[in-house]
Amino acid sequence: MMNWFQGLGRSSLLLFERTGRAALFQIRIFMGLPSLIRHPGLLVHELYSIGVLSLAIIVISGLTVGMVLGLQMYNTLIDFGSEDSLGPVVALSLVRELGPVLTALLFSGRAGSAVTAEIGLMKATDQLSVMEMMAVDPIKRVVAPRYLAGIISLPLLAAMFSAVGILGSYMVGVGLLGVDDGAFWSQMQDKVSFEGDIVNGVVKSCAFGMVASWIAVFEGYDAVPTTEGVSRATTRTVVHTAFAVLGLDFILTAIMFGDN
Amino acid sequence: METPDNNTLIRINDLHYSRGNRKILEGVNIEIPRGGITTIMGPSGCGKTTLLRLIGGQLKPQSGSLSVDGQIVQRLNNHDLYQLRKRMGMMFQSGALFTHLSVFENVAFPIREHTHLTEEMIRTLVLMKLEAVGLRGARDLYPAELSGGMSRRVALARAIALDPMLMMYDEPFTGQDPITVGVIMKLIRLLNDSLGMTTVIVSHDVQEVCAISDQLYMIADGKVAGEGNPEELQQTETESVYQFMHASPDGPVPFHYPAIPFEQDLLQDLEL
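Residue numbers (the numbering used here), protein chains in the order written: chain A, 78 to 337; chain B, 4 to 275.
To be clear, the hints were calculated from the coordinates, so they are not data collected in a lab. Check the hints yourself; a few may be wrong.
If you want the ones that stay clear, here's a sample from chain A, every Cβ over 10 angstroms from chain B, calculated [said to hold, decoys possible]:
no., residue
1, 83
2, 121
3, 240
4, 268
5, 303
Going by beta-carbon spacing under 10 angstroms, a handful of chain B positions derived as facing chain A [claimed, not checked]:
no., residue
6, 81
7, 116
8, 171
C-beta atoms are modelled at their ideal positions from N, C-alpha and C, and glycine is treated no differently.
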């Protein structure tokens, strides 16, 4: 029993210590961000590898989620004779929740894990150390561009996910199941509020972008510099991002839509 | 800041460094003169690479002082430390080349980071450095396409890109074929003399370092166990130095890792 308590205490202390280290790391990244003004090319390169190269998985996932959502919602709505509401139902689901959350989870699996592995391997092969010895700060040169690229990319990818998802549900709902074309778009335009829904969705995806990028770069930088260490860090990135995004989503949803 | 000494570039006084509960260095005193090749030797895990990282300011000692060109490294702020590092070059055991950059871009990296030279001048400088290590023809290759020896030579070209006052080598000969070892030995001596640098090598390859070093320090049990020129150290009678210099399998560095007696261990297994 005593051992169990000791283990619990030790784990808690380690957790607090690691959280503190991650917070300090975040501050160091913020301090390194202005250096990107002198090296915009680094940011552009990372925007390409983190954002542009994630487009395929986001577009395909968005399309299939939208199509499935369209089909499921149609089957439910038709029972109440309100299949014309398919547009707003799908749009609200995607813009408020599914777009930001699923994009963040996919982003973490596709780009976050890659960032962690890349930084972790750079650490394991002394590339970060050699950079320090060349008087080049790896936080500014390696971490900051990836972090900022993640924050910029995620909201854009989430917007893309939602747009393609709506298109997918349109294809199924209007194209295959016979929902009225005009009703689909006009009801969506009527029911989806720019400030209440779209802006809140963008705020959510910005918050998820920050958290997902932070976890990805920290796990890479803090990885044990061995093959196993990098592998564990990559797994932690995906798992921790999923927990953080889902937890944060509940909090943000409660703040944004709790009093409706 | 100490007054810079004309003869001594690095002065280490009573340096202590521990990692967790494990004491790595316990009261090390070393003086490295300018312009020569000094080698720090010792068995694996004795803290040689740690010492290089302490000199480069990547680690901070628990006590003692370490000064490079009159500047006490552990007291420098980030800006001053980075200024000092611009005058240092380090070749890591693995080479540590940037895998996403070509050989040319690897060597150009520190020049691009720290100077505002034109592309034409950068090209000239990089080709000069690659010519010095004999790899001008490999400029377009990527690290994955290089042999171990070539990687180290590219790393060497990159480390001398800004003509440092101090060049540090971490195990430069480990795992290399005899031809590559010969090439690296020649390059270390040649670059040290022609560029007027000070060289610090960390190695456990006795034959090789004795052939090119002006001064040797031997570290054992976290302390300096012996020092002098290669001939002096070869003749030292101190047990740990003798064992290392003559490659004796047993001595102060035991063959066996510390353990309970073998018989007791076997009986314990039986009881289980």
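Would you check whether the claim that residue 83 of chain A is not at the interface survives, using Cβ distances to chain B and the 10 angstroms cut-off? holds, 18 angstroms
Least C-beta distance between residue 268 of chain A and chain B, which was stated to exceed 10 angstroms: holds, 48 angstroms
May I ask you to test the interface hint for residue 81 of chain B with respect to chain A, counting a Cβ-Cβ separation under 10 angstroms as satisfied? Hint on residue 81 of chain B: holds, closest Cβ of chain A at ~8 angstroms, below 10 angstroms.
Beyond 10 angstroms from each Cβ of chain B, as asserted for residue 303 of chain A: holds, 13 angstroms
Per the CB criterion, is residue 116 of chain B less than 10 angstroms away from chain A? holds, 5 angstroms
With 10 angstroms as the threshold, tell me whether residue 240 of chain A passes as away from chain B on beta-carbon distances. Check passes; 33 angstroms lies beyond 10 angstroms.
Per the stated criterion, does the least C-beta distance between residue 121 of chain A and chain B lie above 10 angstroms, as a non-interface residue requires? It holds; residue 121 of chain A is separated from chain B by about 15 angstroms at its closest Cβ, greater than 10 angstroms.
Using 10 angstroms as the Cβ threshold, decide whether residue 171 of chain B counts as touching chain A. holds, 8 angstroms
Every hint from the earlier list agrees with this structure, and none is contradicted.
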